[in-house]
Amino acid sequence: MATATTEKTTSARAVAMKKQDAASAPLPKSSRRRNPMERRPSRLLTAGMVLLLLYSVLPLFWLVVNSTKTQGALFSSFGLWFSGPFALFDNIQQVFTYGDGVFARWLANTFLYVVVGAGGATFLATLAGYGLAKFDFPGKKGAFAVVIAAIAVPGSALAVPTFLLFSQLGLTNTPWSVMIPSLVTPFGLFLMWSYARESIPDELVEAARMDGAGEFRTFFTISLRLLAPGIVSVLLLEIVGTWNNYFLPLIMLSDPQWYPLTVGLNQWSEQANTAGGEAVFNLVITGSLITIVPIIVAFLFLQRFWQSGLAAGSVKQ
Amino acid sequence: MKKHSRWRLGAKRVAVTAVTGLAVSALLAGCATSSPASPTSAPAFSQSDIDKALDQETTITIWTWATTLTGIVEAFEKEHPKITVNVVNVGTGAAHYTKLENALKAGSGAPDLATVEYSVLPQFALGGDLVDLNTFGYGDLEDEFTPSVWNSTNVNGGLYELPHNAGPMALFYNKTVFDQFGIDVPTTWAEYADAAKKIHAADPTVYLAADNGDAGFTTSMLWAAGSKPFQTTGTEDVTIDMSDEGAQKFTDFYSPLIEDGLLAPLAGFSNEWYQGLANGKIATLATGAWMAGSLKSGVPTGAGQWRVAPLPVYEKGDTASAMNGGGGYAMLNQGSEQNQLVSAAFLKYMEAGPGVQLSIDAGQFPATTADLQSDAFLNKTNDYFGGQEINKVFAQSAADVVPGWQYLPYQSYANSVFGDTAGQAYIGKTTLADGLTAWGDQLVTFGNQQGFTVK
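So the sequences go chain by chain: U and D.
Each residue of the first sequence is one higher than the one before, starting from 3 at the first, in this note's numbering.
Each residue of the second sequence is one higher than the one before, starting from -8 at the first, in this note's numbering.
Hints are computed from structural coordinates only; laboratory data are not their basis.
In this text the structure is predicted, and so the values were computed from the model without any measurement.
It is possible that some hints are incorrect.
[To be verified] With beta-carbon atoms standing in for the labels, derived distance ranges:
(1) U:Ala230 / D:Gln440: 34 to 40 Å
(2) U:Leu302 / D:Glu250: 40 to 46 Å
(3) U:Ile297 / D:Glu250: 46 to 52 Å
(4) U:Phe63 / D:Glu68: 45 to 51 Å
(5) U:Phe222 / D:Lys73: 53 to 59 Å
(6) U:Leu304 / D:Lys73: 49 to 55 Å
(7) U:Leu82 / D:Asp374: 29 to 35 Å
(8) D:Thr179 / U:Asp257: 47 to 53 Å
(9) U:Lys142 / D:Ala97: 40 to 46 Å
(10) U:Phe137 / D:Gln440: 52 to 58 Å
(11) U:Pro203 / D:Ala97: 52 to 58 Å
(12) U:Leu160 / D:Ser37: 49 to 55 Å
(13) D:Ala353 / U:Phe98: 21 to 27 Å
We put the beta carbon where it would ideally sit given N, CA and C, even for glycine.
Pulled out of the complex, with its shape left as it was, chain D reads as follows (with noise of 0.2 Å):
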């Protein structure tokens, strides 16, 4: 899943700016009144309280833009007769996040379960909203998933999601493309440089990879090449820093694919760019683990040619990779007890118990480690990619995870102003370090009005 989706009508901007406004402040007014639950909180319901509940008639709904519940919900369903499910799509991305602040603003309307990326996660954590897990004893379930995306549910000492998937990064290439103009599959950045410049030289009309500035990418290339940008502790204290020696890195090696114009100017999952990748003339992708579901429903005439490769890194041999996207379903504090019981057995079903097979079955990526390590999941061949085994490659990425990486209690924000601060480099405005300084400046700011003290 990605951070946010993009918005092309101009209508619709307006409304979404004007929506999110309001519920942006109300949120983070919302952040000073009420307090997290305190992290050491002792669980307040049993497995028998949660057992008492199914038995009773009751339902609840979950919003999200994923189409792969159905299976899920069914099975857990039959299980339990007295339970329905409602799952509700109200809107992709942005539009889904503008509706939850906006019930969550107006008090009541929310759902039980929403999706909630990691990205986003901190933003709808630390406003209170959200019931912290450790309520129902699922801290206990720490063992079962990788650290880096438990490490992403847990903010300020709760644990605010179960993880559904994962997006370890990896560099997706069309193997075709790659053959056509005798190009190998770069291991280093500084290969993909030479690649990039290669390929353009050789048919101007074909890109190693389309970029046009987009926040979600930028911050997990920050992040796979060491760079701690944002930091929060307790729920207010923020540091941001867009110049560290990983910030450096990413710079002195992407700003020259920018400068010299190597990049397709395209918006990701834009009309052209899936037009793009089916035509040949992007040829690689440096995303999370999600695409290989992504390309095989929107690019279905690309099936054999395109292949995965471990995400390049900076010094041959070293081992560093990043997430992109991925997220879980983090309960809102809206519902009633007897709600809230029945979705945390929903979402423990889902998230640790048969759910999770009908998940990776449906396309998603785990995070559990058992499914991680499991022959059956690894030796699995994907057709699509040429019977190649990508999931090993996934799963190697998921365990190179760089730690220690956080993401803003305002990330949606900070995304939605990227394209005004850094995003002027892709349209030559400005030196990609200055435009991060300057995105970097403005999220200080920023996170100042809003009542966090932001260094």
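For reference, chain U alone in the conformation it holds in the complex (with noise of 0.2 Å):
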């Protein structure tokens, strides 16, 4: 008893003189200099980060939770978390041969409308873009202040009378009716100027055009490289855009065969909200997560490209 007592005045002593010498002793050089990089944690901005992050990440969880359930276990379980059999790899097999195995139509419907849409979007954004920035020709800043209009006006507030005009053409319920339209984007054209401004010098051109280069191939050999960070941005946007289109596919067809993942799986999950429809809840949640994966996919793959690209032109070199 009295070794135990003895034991922990020693120890209890021996702490309190190791924080004497801490304090006495001086302070390592950089950290007695504020440095303005490394400011202790504020730990309301963390908790306010940590609250932002469990919003956007919650959804993710809670799809890929469900995603393992069957039928009866999605309404019969708590929502955030697994119970069940796990039935991922069934729910799968089940997503790509329910209906005749139209979901991997839908798969590639999706890709033909992003390679040709968003594709030939940002193709067509670069073109204008680069022209309306290395160009001088009469009415341009007419044309410009018409691209800067049309960023104004939500897809969603054009649907309507793209169906109207492409019905005129006997063009709806056909791909053309989802890709044409995919083709145009304002926003990325105006990226593109601004980004065509910034990253290729003049001079650069001129030199090109001395030496005897046409336009074009100035554009594709010399232009097109130094736009590559710019380009890649519009085309990660333009993807997630025709990935994600719901609208428009949804006025503008109507068989099934042309259907893009997210009209589709919209129509399996109404065939829930109706009776002599078959409830298919376990297959729609899926099947969401089986179509967010490819757009992560391109993510991680295109984000490096993203980000320099936004912060071109933004520091001073």
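Make the complex out of the two chains shown on their own, each in a separate frame, by following the hints.
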């Protein structure tokens, strides 16, 4: 008993001494000077960030958890944790076989719309943005004003007029009715315009002309490379936009064979909304999970370009 | 099948309103110019015409959201190898009708056959877009179907569908929950109201039923109460009366349930609604026979807990029931003669031939009298419902349906404005009786604007 007390006192004293040492010892130079980059983290800010993080990750977590459940477990178990038999692989298999495997078709359609729509939109925006930035021609200001004005008009507002227009042309219910409107991107054009202005020195273009390169050759061999980060940014925006496009295909298409994933999945979801239809919530959820995988892959793959693209012109070098 | 699905996405609502607006006006404009076939028209085609048509390579298209057609199509194609039947799901409920109206407005692109529920049939039939099936002599099939559904397929003297299924109403109840709270199965609506009070008092999270204002349910309840709010004579004369004796019986019984908060404020077929059914928070459903299949696929964990009882009545000993949902396949008149003949053959095969049994096997509730009276059908036990012979309850209900009911020739519009008028009662803004009157008033105004003579 006595020894134990002594030990305690000694150890306590040792700690106290150490503290004293620490207080009297000179602080390392770097931490004595307040470095603005190494401010102490604010608890309030951290808590706020954690909340925001939860807010954005929670739906994703919900999606992952619930795609492992069967239709029965979905409605009888707690939504934010696993329950019942692990049915993820079974669900995935069903997603691809339900309705004669129409999901695979929707996936292929979506890829088609993204490749043609987003790819074409990026190509056109690059050409037009570069042209507006680097060439002088009559009506340039007017053209630019139209583009800026077009950014302000949301796509949804144009959907019904576009439908009526395409209906006159006899193009509704064809893949063209989804791809052609996607080819126009005023915001992408604006982004490419500003990027081309900042990243391609006029002197370089002039030098190429002096060396005898034609405008197209200059564009494709010199300018295009300099524009790469900007192009990737626009491409990424357009891929996400086209991949998630719901409203336009909804009103344009009536043949499920041409649906993109968004409209198709909603059709599955609607089935449960009425009697006579079949409730397939487990397939809707698993299908949604499968739907976001390619977009996540695209983001991870392209984001480094995007970052460098957005930072362009922001710092004086 | 139910009258309309619910739209939860704002963006979608805009799309539907925009497109439906165009379509409805076009539909009703068409109403003025084209007149339906004369009721007494003799068959224009004989069975041999149909047989000849089946001998040519033909593809017909059907629009439906039902997933139970595959077996029938396969069997039909096997029997008639030159025919291809293309089943397309263009959307569910309102989305389906919007696409249909758009195709009719455009003048091309409509399918040969399409699901049209009984409640929406007058709208399409009076619009002059459907083929009168008397053209093929199908009026002779009358004796094969129950009178209440046959009545639904006949509009203004024309036969515009062969019945596919029926929705005789019954009371689905969760026996486990009833046992837990010591509730007896109600046989009258007064007992039903008492049960609603008792169950909610015992546990405030549990409700006897869910309803946040559903036009389909309300019209069926009016029907069961003997009310006849909508009557159409000819193609244009419509009478609307939301306060007849039957309507008063219904509002007297139902208003207290709404006002005392005894109904779970959930929309039918919403996620929360399915969840409520799965975890015992919603104890009953007064709805069509098709719910047996929907419960099984939507709430598989409820197996063994649910039972079916006859729909309660207003006076003990009465027999009164109604239909909720159900429909058939209508033939659109855009197709060629060849396609119409083949479609007619498929229709008969599906609704009055070998397809009927395949439909029943796939879970559809039959509209054919022979099947409704067959022992095989009546004595079939259902494991989901604890081995109960549920078809007996439904068949009795089908026989007890109050005759004389009609839907409006613009029922889908009527359903779409239910929430703005009668639905206000469910959020305490008005009484149910006043809400129904407001609904009726709006339907009178709209009908007159659309070229009907409405009183």
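Taking the hints in turn, this is what the structure says about them:
no. : hint                            : verdict
1   : U:Ala230 / D:Gln440: 34 to 40 Å : violated, 59 Å
2   : U:Leu302 / D:Glu250: 40 to 46 Å : violated, 56 Å
3   : U:Ile297 / D:Glu250: 46 to 52 Å : holds, 49 Å
4   : U:Phe63 / D:Glu68: 45 to 51 Å   : holds, 46 Å
5   : U:Phe222 / D:Lys73: 53 to 59 Å  : holds, 55 Å
6   : U:Leu304 / D:Lys73: 49 to 55 Å  : holds, 52 Å
7   : U:Leu82 / D:Asp374: 29 to 35 Å  : holds, 32 Å
8   : D:Thr179 / U:Asp257: 47 to 53 Å : holds, 50 Å
9   : U:Lys142 / D:Ala97: 40 to 46 Å  : holds, 41 Å
10  : U:Phe137 / D:Gln440: 52 to 58 Å : holds, 56 Å
11  : U:Pro203 / D:Ala97: 52 to 58 Å  : holds, 54 Å
12  : U:Leu160 / D:Ser37: 49 to 55 Å  : holds, 52 Å
13  : D:Ala353 / U:Phe98: 21 to 27 Å  : holds, 23 Å
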